[in-house]
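4 protein chains.
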Amino acid sequence: MPFVYHRIVRFPDTDAAGVVYFANVLSICHEAYEASLGDMGINLKEFFTHPAVAFPIVHANVDFLRPIYCGDHLAVSLAPQKIGLEKFEITYEMRVNEVLAAKAMTRHVCIDASSRTKQDLPEAIIHWLDTKRRDTEEAERRKSREEIA
Amino acid sequence: MPFVYHRIVRFPDTDAAGVVYFANVLSICHEAYEASLGDMGINLKEFFTHPAVAFPIVHANVDFLRPIYCGDHLAVSLAPQKIGLEKFEITYEMRVNEVLAAKAMTRHVCIDASSRTKQDLPEAIIHWLDTKRRDTEEAERRKSREEIA
Amino acid sequence: MPFVYHRIVRFPDTDAAGVVYFANVLSICHEAYEASLGDMGINLKEFFTHPAVAFPIVHANVDFLRPIYCGDHLAVSLAPQKIGLEKFEITYEMRVNEVLAAKAMTRHVCIDASSRTKQDLPEAIIHWLDTKRRDTEEAERRKSREEIA
Amino acid sequence: MPFVYHRIVRFPDTDAAGVVYFANVLSICHEAYEASLGDMGINLKEFFTHPAVAFPIVHANVDFLRPIYCGDHLAVSLAPQKIGLEKFEITYEMRVNEVLAAKAMTRHVCIDASSRTKQDLPEAIIHWLDTKRRDTEEAERRKSREEIA
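For the record, the sequence lines run as chains A, B, C and D.
Quick note: the first sequence, position 146, residue 145 per numbering that gives the first Met the number 0, numbers continuous.
Quick note: the second sequence, position 74, residue 73 per numbering that gives the first Met the number 0, numbers continuous.
Quick note: the third sequence, position 90, residue 89 per numbering that gives the first Met the number 0, numbers continuous.
Quick note: the fourth sequence, position 77, residue 76 per numbering that gives the first Met the number 0, numbers continuous.
In case anyone wonders, no lab produced these hints; they're calculated from the structure.
Be a bit skeptical, because a hint or two may be false.
The list makes no distinction among identical chains, and a pair is therefore deemed to hold if it is satisfied within one copy or across any two copies.
[To be verified] Computed list of lysine to aspartate or glutamate pairs in DMTMM-like fashion (alpha-carbon distance at most 20 angstroms, straight line): (1) Lys102 - Glu45; (2) Lys44 - Asp134; (3) Lys81 - Glu136; (4) Lys86 - Asp62; (5) Lys117 - Glu136; (6) Lys102 - Glu145.
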């Protein structure tokens with residue numbers, strides 16, 4: 000089953016226009032990425048706090064399809080994909096009541112955190128990428144079977 | 000049963016010192032307040048988005064007892080209390096693995112949101128305050144009975 | 000002269016990796032947009048606080064070229080461009096010590112804030128777009144003249 | 000002359016109630032603290048990014064006297080004070096058009112960042128505290144002289 004991150008929109012996510020502040024949509028996507036790593040048993044404190052190996056975001060983009068309000072129940076599905084020895088991408092779909100509200104993507108590169116030079120993705124991340132890819136493929140096969148039936 | 004808000008610490012909550020940024024501890028307390036209102040069936044979108052009646056915070060304070068890290072599982076308990084016709088206070092206790100990590104308080108005043116003049120607390124908030132007060136008293140009675148036994 | 004927004008990176012902009020949190024780079028670009036509007040005499044309180052006409056972001060993207068640290072002096076230049084009766088785009092370049100650290104883009108659509116239906120860009124925004132476009136063209140002409148000389 | 004931090008309120012500082020989000024008022028106070036350190040020549044990158052010695056906040060409180068809006072010009076004055084070998088406090092006054100809008104306080108303790116044990120304040124911080132105390136006293140003397148005259 001593909002991983003879905005559930006999250007209620009909170010007041011600090013909003014701005015004076017009355018909706019979720021645009022950059023916070025990317026933050027919520029990042030939370031989904033963290034939850035997906037945690038779901039695989041990765042220790043988030045070690046992964047994100049002054050780590051030896053880091054995965055900084057080198058590119059992000061996001062499309063906003065509908066306004067998102069305080070109190071909305073978000074379901075964020077994500078599909079990570081290896082795109083090289085040192086890189087992966089994650090695509091995100093954010094839904095409110097099954098309606099797509101935003102789509103986003105983040106591209107990450109693996110670096111040695113002190114020298115900030117590129118290095119190969121470590122085993123744990125490759126395992127996470129493989130597992131999530133299989134989950135996504137499985138979900139797509141099931142969906143296409145349902146559409147045929 | 001008193002309401003407890005559960006929340007995993009996320010990367011955007013942290014700062015370059017490697018722990019949760021101090022002001023974000025108050026934001027997480029506010030999330031607990033929102034969750035407690037939602038738990039009583041209050042519509043958070045109406046409550047927080049350009050409302051007719053608002054409950055701005057006029058005072059807040061917070062004590063930081065231990066550093067909080069990315070990935071930590073937080074349990075935030077809160078005890079709201081009516082302190083006048085137009086005012087209430089909420090005290091918060093934030094725990095990581097049952098250890099107290101922060102204590103906070105917010106004081107709220109009820110205003111007409113367009114004129115920004117004080118007004119009496121509406122029925123829904125008084126009901127929330129009464130229910131939560133009874134929950135807190137019940138929890139304290141149970142705890143003191145357990146200590147005697 | 001094209002408008003440049005100057006800003007020192009602050010501790011709340013950072014995350015536990017020790018650099019500016021990726022989504023905050025887009026927030027700083029938004030600050031530059033606000034500063035550019037303010038520079039044209041637009042009243043930011045009226046523009047951004049429960050306005051009748053709003054300009055929500057429908058797409059954003061950002062490339063991160065170098066890590067940005069607490070204390071860094073940022074210079075953000077921006078070039079807005081009308082791309083239709085109801086739309087404009089802004090491209091941003093963020094520099095630290097004259098070195099490009101990030102590039103970003105936001106696309107905005109003009110809506111009636113209560114019905115959330117599209118509407119034509121108002122006069123004040125068209126004036127801002129025209130002025131900024133002329134500033135950008137002037138800067139490019141000057142730059143190409145300098146390169147020839 | 001006592002140090003005053005000037006800052007325009009930006010859209011990401013606000014929430015769906017149309018005013019500055021309460022916890023962001025403390026963040027802006029922290030920015031004023033950073034600016035005051037920078038004003039004394041302290042290197043903010045070294046001070047705040049994975050430092051050997053850190054000054055975490057152990058207590059904060061804030062009173063909100065008036066709503067603060069997007070576009071408001073803030074003037075934040077601060078008065079730091081040594082309160083022990085390992086501790087200092089900073090009081091803040093935030094004004095909009097010379098009218099007090101918020102008052103706050105943060106209490107900091109000096110620790111070894113890796114062991115997180117208390118240690119004496121280093122020379123650079125004692126120098127900052129002394130200089131700012133003299134600035135504050137000087138300002139108060141001038142003010143009382145003006146009131147007499």
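How the hints compare with the structure:
Within a single copy, Lys102 and Glu45 get their C-alpha atoms no closer than 29 angstroms, and across copies no closer than 26 angstroms, so neither meets the 20 angstroms cut-off. In this assembly of identical chains, Lys44 and Asp134 lie within 20 angstroms of each other by CA distance neither inside one copy nor across copies; the values are 25 angstroms within and 34 angstroms between. In this homomeric assembly, Lys81 and Glu136 come within 20 angstroms of each other (Cα to Cα) only inside a single copy, at 14 angstroms, whereas the closest approach across copies is 41 angstroms. Proximity of Lys86 to Asp62 under the C-alpha cut-off of 20 angstroms is restricted to the inter-copy arrangement: shortest distance 15 angstroms between copies versus 22 angstroms within a copy.
For the homomeric pair Lys117 and Glu136, neither the shortest alpha-carbon distance inside one copy (29 angstroms) nor that between copies (38 angstroms) is at most 20 angstroms. For a Cα distance limit of 20 angstroms, the shortest separation of Lys102 from Glu145 qualifies neither inside one copy, at 24 angstroms, nor across copies, at 43 angstroms.
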